[in-house]
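Participant: Take a look at the letters that make up each chain.
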Amino acid sequence: QQPVQSPQAVILREGEDAVINCSSSKALYSVHWYRQKHGEAPVFLMILLKGGEQKGHDKISASFNEKKQQSSLYLTASQLSYSGTYFCGTDHPLTGKLIFGQGTTLQVKP
Amino acid sequence: ETGVTQTPRHLVMGMTNKKSLKCEQHLGHNAMYWYKQSAKKPLELMFVYSLEERVENNSVPSRFSPECPNSSHLFLHLHTLQPEDSALYLCASRPGTRNTGELFFGEGSRLTVL
Chain A
1 QQPVQSPQAV
11 ILREGEDAVI
21 NCSSSKALYS
31 VHWYRQKHGE
41 APVFLMILLK
51 GGEQKGHDKI
61 SASFNEKKQQ
71 SSLYLTASQL
81 SYSGTYFCGT
91 DHPLTGKLIF
101 GQGTTLQVKP
Chain B
1 ETGVTQTPRH
11 LVMGMTNKKS
21 LKCEQHLGHN
31 AMYWYKQSAK
41 KPLELMFVYS
51 LEERVENNSV
61 PSRFSPECPN
71 SSHLFLHLHT
81 LQPEDSALYL
91 CASRPGTRNT
101 GELFFGEGSR
111 LTVL
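Chains A and B, in that order, are what the protein sequence lines are.
Going by the working numbering, the first residue of the first sequence is number 1, and it counts up by one from there.
Going by the working numbering, the first residue of the second sequence is number 1, and it counts up by one from there.
FYI, nobody ran anything at the bench for these hints, they're computed from the structure.
Incorrect hints may have been included.
On the chain A side, residues computed to face chain B include the following (Cβ under 7 angstroms) [to be verified]:
id: 1; residue: Gly39
id: 2; residue: Pro42
id: 3; residue: Tyr74
id: 4; residue: Leu80
id: 5; residue: Phe87
id: 6; residue: Thr95
id: 7; residue: Gly96
id: 8; residue: Lys97
id: 9; residue: Phe100
id: 10; residue: Gln102
id: 11; residue: Gly103
Beta carbons are placed, not taken as given, at the ideal position from N, Cα and C, and that holds for glycine.
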């Protein structure tokens, strides 16, 4: 079952904040976040495991609420380099089946 | 450079052709993946291999045939494709399928079916 991301697209000015949500109808074991720039391969941002943990990566952080079966990615004080498409992925611990959401396109303008 | 190399980067083929996509990883990983990326379905899982055994076939048509001769190489054999199969095909690897480690993606093979 594909996770659902929202919003589908976001346009920001440099320095503004954004939140991207990822939710699943099935139990989540872990959540992956990746960013893909146009014409490039997806690049790993972070993994969150069960336990409601939060992680940070520079000014990008994420939370994982396993009870609500959702994760959120927080982009603080956005930079032009944050532009791209963000994907969340849900991972099955036994099969290794990593299913991605439909993506959220983020555009940061000067 | 992620350590995952895909060839060819671009491929144009007719519907009656037979071609193959190749993926090679130098990371010592045991799990390899094929994803299809198109405008309609951004990152669609096709196949998962763990230690050269296929562990997941995500309802992919038989005109796509994967092959994993060893843990460093993964192929996607293509035959009698349809125009709607035109897409970017991404290979990825990670340490294992029972490992929640990150996926390392290749640059992709852009396929156009005429």
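Participant: Does each hint fit the structure? Answer for all of them.
Facilitator: Hint-by-hint comparison with the structure:
no.	hint	in the structure
1	Gly39	violated, 9 angstroms
2	Pro42	holds, 5 angstroms
3	Tyr74	violated, 19 angstroms
4	Leu80	violated, 22 angstroms
5	Phe87	holds, 6 angstroms
6	Thr95	holds, 6 angstroms
7	Gly96	holds, 3 angstroms
8	Lys97	holds, 5 angstroms
9	Phe100	holds, 4 angstroms
10	Gln102	holds, 6 angstroms
11	Gly103	holds, 5 angstroms
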